[in-house]
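Asks: Residues per chain, in single letters:
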Amino acid sequence: MNNLKKWPLVLITEILITFVLITFLIVAVENEGFSNLYNPQYFFKVLRGAFANDFFSSDQIYPWYSFLKAFGYTMSLMLISLFFSIGVSIHLSFYLSNIEKKRKSKILTYINGLIHTILDAFLYMASVAPEFWILTLLLVFSVFHKSFLPLTGDEVTTITFNFKFTFLSFFKIIFLYLYYSFAPAAVLSIRFIAIFTTYLRSGIEKTNKSEYIKLSKLRRMANKYIKKELLKGAIIELLSNFTYELPAFITTTAIVEIMYNWPGIGKMYLEYLDNRAILQLYWVSILISFLTITVNFFINIYLVRRNPRIEGDIL
Amino acid sequence: MRGKIVLIIGMILIFINIVLVCMSFSIHDDRAQNLFLSQSDKKNKNVVHFKANWNIIYKEFLISDRKSFILSFLVSLISVTLGLVLGIVFAYFKPLQTYYQILYGVILSFPIYMLLVIFLRALGFERNLKFFVILMGVLLSARVLNHVFNLVKDIVTKDFIIAAKISGNNFFKIAIYYILPELYDIIILSWGWNMAITSILAMNFSYLGLGFSTQSITWGNMLRNLKSYSLFDFKPFLIIGIFIILILSGYIMVGSQSKELILLLKKVKQLSPKFSNNLKEK
Numbered sequence: 001m002n003n004l005k006k007w008p009l010v011l012i013t014e015i016l017i018t019f020v021l022i023t024f025l026i027v028a029v030e031n032e033g034f035s036n037l038y039n040p041q042y043f044f045k046v047l048r049g050a051f052a053n054d055f056f057s058s059d060q061i062y063p064w065y066s067f068l069k070a071f072g073y074t075m076s077l078m079l080i081s082l083f084f085s086i087g088v089s090i091h092l093s094f095y096l097s098n099i100e101k102k103r104k105s106k107i108l109t110y111i112n113g114l115i116h117t118i119l120d121a122f123l124y125m126a127s128v129a130p131e132f133w134i135l136t137l138l139l140v141f142s143v144f145h146k147s148f149l150p151l152t153g154d155e156v157t158t159i160t161f162n163f164k165f166t167f168l169s170f171f172k173i174i175f176l177y178l179y180y181s182f183a184p185a186a187v188l189s190i191r192f193i194a195i196f197t198t199y200l201r202s203g204i205e206k207t208n209k210s211e212y213i214k215l216s217k218l219r220r221m222a223n224k225y226i227k228k229e230l231l232k233g234a235i236i237e238l239l240s241n242f243t244y245e246l247p248a249f250i251t252t253t254a255i256v257e258i259m260y261n262w263p264g265i266g267k268m269y270l271e272y273l274d275n276r277a278i279l280q281l282y283w284v285s286i287l288i289s290f291l292t293i294t295v296n297f298f299i300n301i302y303l304v305r306r307n308p309r310i311e312g313d314i315l
Numbered sequence: 001m002r003g004k005i006v007l008i009i010g011m012i013l014i015f016i017n018i019v020l021v022c023m024s025f026s027i028h029d030d031r032a033q034n035l036f037l038s039q040s041d042k043k044n045k046n047v048v049h050f051k052a053n054w055n056i057i058y059k060e061f062l063i064s065d066r067k068s069f070i071l072s073f074l075v076s077l078i079s080v081t082l083g084l085v086l087g088i089v090f091a092y093f094k095p096l097q098t099y100y101q102i103l104y105g106v107i108l109s110f111p112i113y114m115l116l117v118i119f120l121r122a123l124g125f126e127r128n129l130k131f132f133v134i135l136m137g138v139l140l141s142a143r144v145l146n147h148v149f150n151l152v153k154d155i156v157t158k159d160f161i162i163a164a165k166i167s168g169n170n171f172f173k174i175a176i177y178y179i180l181p182e183l184y185d186i187i188i189l190s191w192g193w194n195m196a197i198t199s200i201l202a203m204n205f206s207y208l209g210l211g212f213s214t215q216s217i218t219w220g221n222m223l224r225n226l227k228s229y230s231l232f233d234f235k236p237f238l239i240i241g242i243f244i245i246l247i248l249s250g251y252i253m254v255g256s257q258s259k260e261l262i263l264l265l266k267k268v269k270q271l272s273p274k275f276s277n278n279l280k281e282k
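Line order of the protein sequences matches chains A and B. Quick note on the numbering used here: the first sequence kicks off at 1 and runs consecutively. Quick note on the numbering used here: the second sequence kicks off at 1 and runs consecutively.
Calculated directly from the structure, the hints in this document are not laboratory data. Careful: at least some of the hints might be erroneous.
[To be verified] Only some residues are given here: those of chain B computed to face chain A with a beta carbon under 10 Å:
id, residue
1, Ala52
2, Phe73
3, Ile102
4, Leu248
The structure displayed is predicted, hence computed values, not measured ones. C-beta atoms are modelled at their ideal positions from N, C-alpha and C, and glycine is treated no differently.
Here chain A stands alone, though its shape is the one from the complex (with noise of 0.2 Å):
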């Protein structure tokens, strides 16, 4: 219990390096190059904290409505395909992973090995498609199929334009919500359930492997109990690899929002780069990594409550 003491300690040095890096980065690039005689004075005005005005036209600046605005949109992109890949890739790794080895007939035998196999190949391969060649591929089959998906998510901000709390419009507006996102977050979930499933296969079958798992199917015990189990072993295992996956969710998420015309941080990072806008950029981007090493913070709590064998391990 020693080491929880160092937590803070960790989390405020993590935060202050990541923001004194970035900072260093952005004045470089707001000056053009490394070399620039005025980068230590714009370093040290941006520590002070004149991120008020605009460096050059000394304009106020408020980011903050439109960032949470559009943070609000990533975030529920990101949660849709994050519920649908986890829900997808934990049936599919209990299917893969062979735990259950049941008598069946050769036919029977072949056709699953023949399934298992076009699966694999399925994982293998989704997991290197790149993001823009699925979403052209979804749109035109949608085009040649009377149109059933939107072609852009410009729409989804009209939905909410005129929101009047009725027990209908609220299931409408969910509705029209999951139907503009769709698109962008079966693209997004497509490598995602590609990647979520290698991670929960193999914690599957290392759990399948302990002694508690075998002793419980000595006993004889339901197979639900015994199912549950194996998922515990294996989200532990998905969590955490998942901290390094973290930063490359974040960054599809912003291409497909690019591509699909989302109004979320990938479209508004963007606009802002169009316009020079170096300091929103830099909120936005310090915003980005406080997010990551929170999440990362949260999954290490919850890893070491899970098994407190590790807590030397991840602090």
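Dock chain B against chain A, hints included.
Replies: For chain B alone, coordinates are given in the frame of chain A:
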């Protein structure tokens, strides 16, 4: 058995990719050209058809394959060496182990992808290729660092390392001769993943027009051009995409079956002295 098949398929795909890269060195034309040829209709000359120019598509595919291969090779070289060195040093020296979490947290939390976008848009890709390579290498080293640190921490407490320490070997000798051979499978795994991820990210950036100029030949630029003609002919967009996915999945296949590959290499190593002795006897 299935693992071996996957490994063989992956190795074949990587071999094909290397052959394609070697073939691309014979092509010197490095400017983007029209991937589709316009043809007027025989009956009505005002109507124009577009036909895919497969010769140019093939040329551009090879050139962009070479570019992405070199870029991802450099990035994975930096990431693997950085992750290996940092992981071994931080796990070997016990006082440094407490600072590992801070280092790991900072590397992960640093929004390098976002900063890459700023760099590529603000300063241009051609001027800042080294920034792209270094930043990507630093970010992708987190995966290697995590694996290496956790493994080396266990290896350091084993008997053969303690024996090596007692017999007077210094840190560099122990790291190279005793620790490094235990990490071959992690090196192959992370190498494969990093190669694939870098190629995908570079492709995404060039598709969006971030950093890469529209005149340069890359997979992203090529697919964007093919997409714009997809109303006339959708086949090139589909086929080139499938080829790219196949080539990149070779890295993932070999990476995921790295343990099988090392077992195979060990078997070859065990067989080779016997083979040479037999030859001498003969």
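Asks: So which hints don't hold here, by number, going up?
Replies: Result: hints 1, 2 break, sorted rising.
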